[in-house]
Amino acid sequence: MKKLTLWSACALSEALGKREVSAVEAARAYLDEIARRDGEIHAYLTVTEEEALAAAQAADKARGCGEALSPLAGVPVALKDNLCTKGIRTTCASRMLENFIPPYDSAVVEQLYAARAVPLGKVNMDEFAMGSSTENSAFFPTRNPADPSRVPGGSSGGSAAAVAAGEAALAIGSDTGGSIRQPAAFCGVVGMKPTYGLVSRYGLVAFASSLDQIGPLARTAADCALAMNVLAGHDRRDATSLCAPKEDYLAGLDAGVGGLRIALPKEYFGEGIQPAVKDAVLAAARRFEAMGAKVGEVSFPTLDDALPAYYVLSSAEASSNLARFDGVRYGRRSAEARDIAELYRRSRSEGFGAEVKRRILLGTFVLSAGYADAYYKQALRARTLIARDFADIFQNYDIILSPVAPTTAYRLGEKTADPMQMYLGDVYTVPVNIAGLPAVSLPCGKDEEGLPVGMQLIGPALGEKRLLQAAHAFQTERGVEQ
Amino acid sequence: MVIGLEVHIELKTATKIFCSCPTAFGAEPNTQCCPVCTGMPGTLPVLNGQVVRYAVRMGLATGCAIAHRSKLDRKNYFYPDLPKAYQISQYDLPLCRDGHLDITDESGETKRIGITRIHIEEDAGKLVHTDEGTLIDCNRCGVPLIEVVSEPDIRSAREAKAYLQKLRAAALYTGISDCRMNEGSMRCDVNLSVRRRGETALGVRTEMKNLAGFQYVVKAIEYEFARQVKAIEAGEAIVQETRRFDPSSGKTYSMRGKEDAEDYRYFPDPDLVPVEVSEALIEEIRAEIPPLPDERKAAYTEKYGLSPYAAEQICMTRELADCFEAAAVCTDYPVLAANLLLGDVLRLAGAEETPIPIAPKRLGEVAQMLGEGKLNSGGGRRLIEALWERDLDPAAYAQAEGIGQISDEKALSAWAAEALAECPGAAADYRRGKTAACQALIGRAMKKSGGRANPVRLGELIEAALQEE
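Chains as they are written, first to last, in the working numbering: chain R, 1 to 482; chain P, 1 to 469.
If we strip away everything but chain R, and leave its shape as in the complex, we get:
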């Protein structure tokens, strides 16, 4: 039998339900695995052993009392460190919030606690979710369990690495421009970015409010469905939260892909893509075809506009969202300031890393008088056009299939010198955020060095179920890769 820490969350949930294993046993197994492996992987910023064991005991006790429990009860979960946790340090991997202890729980954390999931700890990320390799963490980089000399992707690199390394059964991440999907692809796990507004953002430390969305990273599509059943839902504390009817993402997961219309946008397979990535994704398309889906080539003419539009919009919002970190009320306060202007300047200079500063400067610039029309407003126009491109495709197709990233995981330090190189890696993932659509990233092969390749399935708004069905069908057909 496989090690418990490599079971899918669904398998663990079933075993917990049948009392073949207790939540405390599961928690201990994961805590042991973290102790054994995280010295190398560096996925965790904070391990909450005490809270995890207390929650596991409570889950076992509730089960013992015959309480009706969520399938997530007793399942150990890792939380990205930009999700506020009451009483537990929430750093956003920034010096700015190194000692910040939130006075409240984020909505998703509340949901997970209510489901009696077991919180293993807070995992690493690029500072304030800005980055694609987790190398922008102010504390340390996380390593890719598939090859520790390589990055796990980012910004939810800690989440993806924890799941891939068997240091969590499930992880929660956030995705502003690909931050769940790309690390999932790099680490060989499944990541879902839900429709904008499906999961409450309340308590997620904002990077770019109109693009941010919380979602799960897991070993299988079914595990993502399991997590989505707990995460999705209306929250009146988030004005952008959708009032969609509650779905059961596990129900009908076996529906298959017979008759499913899959679009392959040719622009996604153009210049700059690593041949192994292209081959693996096209092979996956053929496999879907063999499973009964209909595959057709389409065009996505605004793909080239997506990346600049994304960096303008996300930086503009970030410059405003991160202005509150001023050293006055919480977070880092420079000890040397003599007046308020200097307090702002020093606290922010000391607290933020280079990439965060770069985005704040960029965002401040694109919103400035005299420039906002040429940049910010132009990006808003591009946003409309990109959404229209998707809408056009979904007139005739159910799902779009594309690569997640142009390359597989690169080596630590390989792209840190040139921010533009790093940004280019987001080209396939950002259009989804710009249009607010759901997408799943799942493994579809390996490159010549044995590194995981990910494919992306994109659906129309609230099309999560269809995406998970297709991803599940692919994984069932092929078997989940380890």
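In case anyone wonders, no lab produced these hints; they're calculated from the structure.
Take every hint as true, because none was put in to throw you off.
Chain R side only, calculated, beta carbon under 10 Å to chain P, not exhaustive:
1. Leu97
2. Ser106
3. Tyr202
4. Ser209
5. Ala239
6. Ala316
7. Ser319
8. Leu380
Quantities reported herein were computed from a predicted structural model and do not represent experimental measurements.
Think of the CB as a built atom: it goes at the ideal place given N, C-alpha and C, for glycine as much as any other residue.
Place chain P on chain R using the hints.
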């Protein structure tokens, strides 16, 4: 002089604009705040629907067009009283626009002041400066405000005051605010420029911020007008700048110039959705609005014969107007009731606007006594003062206290004669054309009556005597 006013009015919703913290004034510092209004990382604003309703009420009361779709924007700037480092406000799509208010001056002339826009926004916190340093009180963070921006239609301090009073009346009648100046729930920014008579182009303006009282607005305008005129006459240019008004010296001081003006980098708040107001909702809100000052004012001039100015003053607050209406039906002399209210009663209420403790029926009775010549104005004042303290029967009290008016001819003649005898020169002065001499004699005779003489009859007697000599 050309003036435009920006007025911030605090809405009296039970809870704040983007969270459910209470808005009550005067609580212990930082006891009425939560992670949302203190801008904790990860928190999100959710718009309080009552704020929209109140703002729409005010918009309808001032003849504004209501936007079916408006949005909330972020105004970005750093200040320690602003926890998120941006204020959520409305930039290019305000909730209400293109309204107006009519003001009436003492001559009865009516003038229309345009209202450019009314938008909703959140208040900032309060800085408390102590010996140990500056402290922040977040209780006021997120308290809902409307900002009412006027057209530059105002031409004098008096018009500015009349406009503010009218605006306040609209807010009080619609019940959207208490407009308590001393609690800062109504604050005013003044934009002022001057130009030579006949010129049509506007001069360079200065802005005076956060004036928390009508008297300060008047003083600031008077000072700033004189300063600008003096500067221009001396050949100096006016600099576009923000100036601070110091209430203790009555002067304005330069705070920051145009070159230091901040770039607020407004953009739509992505945490909030557009504000939708349907036609049905507008009609629903319209139905909530009670008769407004101008409607009542028209009734008072027509039905009770009040002057347009007196009617406007009576309509300044709902309490005053309600009191007047109830008193007017108890007397044959409603104009006198209005005079009592605007004079003696308002003087007692003072700047704090203490609620009026006098029953309207009693006010009517006093007006009746005045009208029937049973009281003179001094006696009226004494009765009002007594009624302010406790309820009593005015007629009985006047009799018991001996404050009724004396119209008895014999007594009046005797006081007149005494006064004339004491001032032998007065008659000669009067004949040389000094009519003031007559007034002095009336005053002297009045004093002898203990203030109770009928002043009209007394005057007639004294004048007749002077002409005889």
